[in-house]
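Peer 1: Sequences listed follow chains A and B, in order.
Number 215 marks the last residue of the first sequence (our numbering); no jumps.
Number 1111 marks the last residue of the second sequence (our numbering); no jumps.
It cannot be assumed that every hint is accurate.
[What the hints assert, rightly or not] When the alpha-carbon atoms are kept at most 27 Å apart in a straight line, the in silico DSSO-like pairs for lysine-lysine are as follows:
#1 A:Lys75 <-> B:Lys1067
#2 A:Lys189 <-> B:Lys1072
#3 B:Lys1074 <-> A:Lys189
#4 B:Lys1072 <-> A:Lys52
In short, the hints are calculated from the structure, not lab data.
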Amino acid sequence: MLSFPEEIVLLLLDETRGEFVPLPESVFAIVMSGAALMDLALHNRIDTDLEKMMVVDRAPLGDDILDEVLSGLGKAKAKLEITDALYDVALAAEEYRSRALKRLIARGVLREENGRHLWVFRTRRYPIIDNTEQQEVRTRLRQVLLTDEIPDPRDVVLICLVDACALMGFVLSDAELDAATPRVEQLRKMDLIGQAVTRAASETEAIIKFAATTM
Amino acid sequence: MDIEQERDGDVVIVRLSGRLDSGAAPSAEERLSAALTGAPPRLAIDMSGLDYISSAGLRVLLVLAKKVQQQKGKVVLGGLAANVREVFSVSGFDTIFSIEADPASAVDAAR
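All chains should be built: construct the whole structure from the sequences, respecting the hints.
Peer 2: Quick look at the structure:
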């Protein structure tokens, strides 16, 4: 099973072109950070309530991304603001994307293709070799979003991440999404870190839009 | 946390008290899964002694609710303290679970 940082990198790759779908870097950073934190929560390394995040177990998981995030959390104090932790971890999001890509290549899920655009500009693409994981995530989320099936905790995290990246169109058609919007809102609330990711991603996008319209 | 269990006819009553957090989650998950005995299972959870629930605790209840749904059973929560109720409201768990004001009503609703 892929880690959530690996899942989000894979979900952000356009299946046919092997390029990342457009997403502001700052939003990606928050989503990548949220993916790592929610993975740690599902591994019982951190816990949260309505006010704080707590590191409850510092035992490494053997995953270099998650272990690095875990070791950096809560050094100064036992209880953290969820949003502060989210932004702290987001600082290394690009590095984590790079590591997640390397892992996906090593597992045979992707391959790296270097080329040139107009004979000058270097380009790099990551065509997907094995799309089993993408297909399984899509099938699983469709089942949860289009029925009243109770999600498992992993489904809830994936819905939070997909929604924060505005990737629901990858899972549902426009008509399905219109009908399922209340269901998406219901399920994305169910993880407290996920709620913080949604808020931070929305605020960041609003700031970017505001800056774009006032320049 | 303390977990007690008794049976009232077809309904298994589980009483949770103390804190349902990451420390208590593994044993709570095990005990609650073991309480799914009937076919279909009918479960009333008395939460009146529960004074704290974290995300890890919510996940335990989510996994339980999923198992109950898969077995076409019923689970009803009762007697939530105001702070626990607030966690359910903020996280939307109050839209997943049947919640009664007190434990006795939860038992009746689970029948």
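Peer 1: Go through the numbered hints given earlier and state which of them the structure violates, listing their numbers in rising order.
Peer 2: Per hint list: 1 and 4 violated.
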